[in-house]
Amino acid sequence: MLFNSVEYLIFLPLIFIIYWIVAKFNNLKIQNGLILTASYIFYGLWDWRFLFLILASTIVDYFVGLAIHKKQTQGDKGKLFLWLSILFNVSLLGFFKYYNFFVDAFVDMVLLFGYPIQSTWTLNIILPVGISFYTFQTMSYSLDIYFKRIKPTHNFLDFATFVAFFPQLVAGPIERASNLLGQITNKRSFKYEQAVEGLKLILWGLFKKMVIADGIAPMVDDIFANYDTMPASTLVLGVSLFSFQVYGDFSGYSDIAIGTAKLFGIELMSNFKFPNFSRNVAEYWQRWHISLSTWFRHYLYIPLGGSRVSRLKSIRNICIIFLVSGFWHGANWTFIFWGGFHALAYIPVFLMGRNTIYKNNVVAENTLFPTFKEIGQLFATFVIVTFSRIFFRSESLTDSFVFIKRLFTEFHWEPYHHPMGYRMIDYFVLLAIFVLYEFRMRRDERNPFKFKSPIIRFVAYTLVIFCILLFYDDGVDRSFIYFQF
Amino acid sequence: MIKLFLKTSLYLILIVLSLELLVRVFHLYPEDSPRFIDEMGVEKRIPNYNGFSVTGNRRQNFSEYHINNQGFNSYREFTPSYSKKELAIIGDSYIQGFHQNYYNSIGKKIENRTKDLEVYEYGYAGWDLADQLHLLQAYAEDFDKIDHIVIYMKYPMDLGRATYEPNTGRIKQLNSIPFKIRDNIKLLYYASQIGFLDPVKNLMTEKQDAKKASNTEQETALDSLYIGNFDELLKVYPINTTKTSILLDKRNTSPKFLEHCTEKGIDIIDFGSEFEQSKKPVTLIYDMHWNNNGRSLVAKSIIEHLGL
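Chains as they are written, first to last, in the working numbering: chain L, 267 to 751; chain R, 87 to 394.
Only chain L is shown next, with the shape it has when bound in the complex (with noise of 0.2 Å):
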């Protein structure tokens, strides 16, 4: 079920009011059970055979959580049990969505040595749904019981509901069990405020994705697929405005997350704080995608010695953080050169010791306008972030090096015309209204319509539904980029 489709403003209400009125009889095992048996429906209606797999992943890590917490106690680190539930996850993640890759990766290092194989072993997978997200996770549970960040809990429906919580089950924020699961074993109850933040976010999360996101999902389909007949000035236009895609697109996604999990009660994490208005890679990525940054971070990145290292090690270790991640996007090697490519871009600003510098500021922290310097650097993260994306993108390596050479080699400007005649006029000018309105509101993501005067409220409520109508296209695809992920 899609955040953005008539069945999922049915059900949300229908949950909502249910959830509230189940909430007066103070049983919180009945509000959890209807939370879990929503997100099992609202999993299920995409593909109910794939439940087996997010049930299958809460019973292994909710057994592996308490095995470890009892080696513990028994002065044993459970580091077994731990490997039990990173195996257990990493196979699952290996199969479904990495099997055919390392298959054909297989087969193309054989090539290269001279034994051409006629490859049968490629199998027809479908990818479920979310799985890198709630695998993700689950896991962070069990790391979180091994480094004792956490108690495990004792009680098998409160996990599952942490697992499988339907605002954030498909494509996160993929939430750490000392956030989440912390707010699921207490009693919540309705708070018209929290509620109330909940629905804007949920109307703001509406317009990056069915204005932004889609709006401009033609132009950039449309150059993406005819690149290779494309002078370098439509490229530009093509990959910048799949920045800007991706970004309504997931943000959006998690706005809507994060808003309905408000109006359960539910404060789940911040996954973007405008990354647009980065200062350099580092700061970008303190603000894309957040809880997956923050996942790596404390469990790949600090394990591995973090920056506390000597200076190589830290520079192998950011390596090895973008390439999988990069990796953890995708099976295909555009996503890997993504990483790599983002690897090469901090490092860097790390060696000149900036990583940190914007960790706790935003651009223009005091001021209504950035400076000149400040807008060069917004200007020069962007150019680097966009250009990373070429590879994001594109549907192959090839893809990927042919779209940059053109970049390089046909550079003469012409101006664009979509086949289906779309006024590109249009779109520029929202997409500028956009980043003016984002960069008023830098200072809080959680806040879109942060007006004191009650009516300037109303009258953006309107005008951001008008623009819905405005820009609602329905011959495009509806779903969530990151759900392919």
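Calculated directly from the structure, the hints in this document are not laboratory data.
Just so it is clear, the structure is predicted and the values come from calculations on it, not from any experiment.
Built from N, CA and C at the ideal position, the CB exists for glycine as well.
Any given hint could be a false lead.
[To be verified] Negatives, chain L to chain R, calculated, CB over 10 Å:
{"id": "1", "residue": "L294"}
{"id": "2", "residue": "L311"}
{"id": "3", "residue": "T451"}
[Claimed, not checked] Capping the alpha-carbon separation at 30 Å, the derived lysine-lysine pairs in BS3-like fashion look like this:
{"id": "4", "chain 1": "R", "residue 1": "K170", "chain 2": "R", "residue 2": "K386"}
{"id": "5", "chain 1": "R", "residue 1": "K93", "chain 2": "L", "residue 2": "K290"}
{"id": "6", "chain 1": "L", "residue 1": "K671", "chain 2": "R", "residue 2": "K287"}
{"id": "7", "chain 1": "R", "residue 1": "K89", "chain 2": "L", "residue 2": "K295"}
{"id": "8", "chain 1": "R", "residue 1": "K171", "chain 2": "R", "residue 2": "K89"}
{"id": "9", "chain 1": "L", "residue 1": "K718", "chain 2": "R", "residue 2": "K93"}
{"id": "10", "chain 1": "L", "residue 1": "K671", "chain 2": "R", "residue 2": "K366"}
{"id": "11", "chain 1": "R", "residue 1": "K329", "chain 2": "R", "residue 2": "K240"}
{"id": "12", "chain 1": "L", "residue 1": "K716", "chain 2": "R", "residue 2": "K93"}
{"id": "13", "chain 1": "R", "residue 1": "K93", "chain 2": "L", "residue 2": "K457"}
{"id": "14", "chain 1": "L", "residue 1": "K457", "chain 2": "L", "residue 2": "K539"}
{"id": "15", "chain 1": "R", "residue 1": "K329", "chain 2": "R", "residue 2": "K386"}
{"id": "16", "chain 1": "R", "residue 1": "K89", "chain 2": "L", "residue 2": "K457"}
{"id": "17", "chain 1": "R", "residue 1": "K342", "chain 2": "R", "residue 2": "K240"}
{"id": "18", "chain 1": "R", "residue 1": "K266", "chain 2": "R", "residue 2": "K287"}
{"id": "19", "chain 1": "R", "residue 1": "K89", "chain 2": "L", "residue 2": "K718"}
{"id": "20", "chain 1": "L", "residue 1": "K417", "chain 2": "L", "residue 2": "K345"}
{"id": "21", "chain 1": "R", "residue 1": "K386", "chain 2": "R", "residue 2": "K336"}
{"id": "22", "chain 1": "L", "residue 1": "K453", "chain 2": "R", "residue 2": "K266"}
{"id": "23", "chain 1": "R", "residue 1": "K89", "chain 2": "L", "residue 2": "K290"}
{"id": "24", "chain 1": "L", "residue 1": "K716", "chain 2": "R", "residue 2": "K89"}
{"id": "25", "chain 1": "L", "residue 1": "K290", "chain 2": "L", "residue 2": "K457"}
{"id": "26", "chain 1": "L", "residue 1": "K453", "chain 2": "R", "residue 2": "K89"}
{"id": "27", "chain 1": "L", "residue 1": "K716", "chain 2": "L", "residue 2": "K457"}
{"id": "28", "chain 1": "L", "residue 1": "K343", "chain 2": "L", "residue 2": "K290"}
Since chain L is already given, all that's left is putting chain R on it; use the hints.
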């Protein structure tokens, strides 16, 4: 909880009202001119009506129409006579041409490129071949005076029936309360036009659509059925093949049907090859009707084929 429900409801009502106002102010909604069935059993528009047709969201196509005295969208009145040179184009919404300004129609484009020719466009959305042939018979006196007749046809959609019956159901439906509500609530009309309500409709009619699709698939395979309908219609409404041509896109037409027309001595005007060669789009955004380029190419095909 009750506070949230009440406040949300109030906001929703106010937002809907504001949106209705915005849709009206920016004229995002289309205006459909009223229809009727005349004394000859011809379904057409109520004469002398002006309005605007809007296609796509953000008024991506905005055009003016003018229903003439005869009940058709045209820049001119139809006054056929033996002394003048006239061409009639009969067809459905593609010929009706609400998607263009009425003073820049296919007929007008043909007139601009020829000398002393009057073009009468008998277009009506929803017509099929039965309607079109019935029109020829109902207004036989007028069509006798017209020098050449072009019938626009889409194969196989326009050959779905072998007999003519006026579509009273459609007129009834358009005059029904739900449709009147839709026509008066411009926000609803706009949302419905851009496909915003399609997911809701699809949710309600999912099973029925699947049935329809499978039936359509079966029907498509039955060329002979459509050719049979064509023959039956021609028996009841014979056409003068010396001055009548069928306008169609050969790319989307069954070769069997084309052969059949050749055997019957019916002239075919194909605009498909012009469309295929065109580098610019030939249809509108969110709509498969011809855009200005498409209409120019259709006009060109007719002029060149008939040597006008």
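Taking the hints in turn, this is what the structure says about them:
no.	hint	verdict
1	L294	18 Å, holds
2	L311	12 Å, holds
3	T451	23 Å, holds
4	R:K170 / R:K386	22 Å, holds
5	R:K93 / L:K290	21 Å, holds
6	L:K671 / R:K287	47 Å, violated
7	R:K89 / L:K295	26 Å, holds
8	R:K171 / R:K89	73 Å, violated
9	L:K718 / R:K93	17 Å, holds
10	L:K671 / R:K366	27 Å, holds
11	R:K329 / R:K240	20 Å, holds
12	L:K716 / R:K93	18 Å, holds
13	R:K93 / L:K457	14 Å, holds
14	L:K457 / L:K539	25 Å, holds
15	R:K329 / R:K386	19 Å, holds
16	R:K89 / L:K457	11 Å, holds
17	R:K342 / R:K240	14 Å, holds
18	R:K266 / R:K287	18 Å, holds
19	R:K89 / L:K718	20 Å, holds
20	L:K417 / L:K345	16 Å, holds
21	R:K386 / R:K336	16 Å, holds
22	L:K453 / R:K266	50 Å, violated
23	R:K89 / L:K290	16 Å, holds
24	L:K716 / R:K89	21 Å, holds
25	L:K290 / L:K457	13 Å, holds
26	L:K453 / R:K89	21 Å, holds
27	L:K716 / L:K457	19 Å, holds
28	L:K343 / L:K290	42 Å, violated
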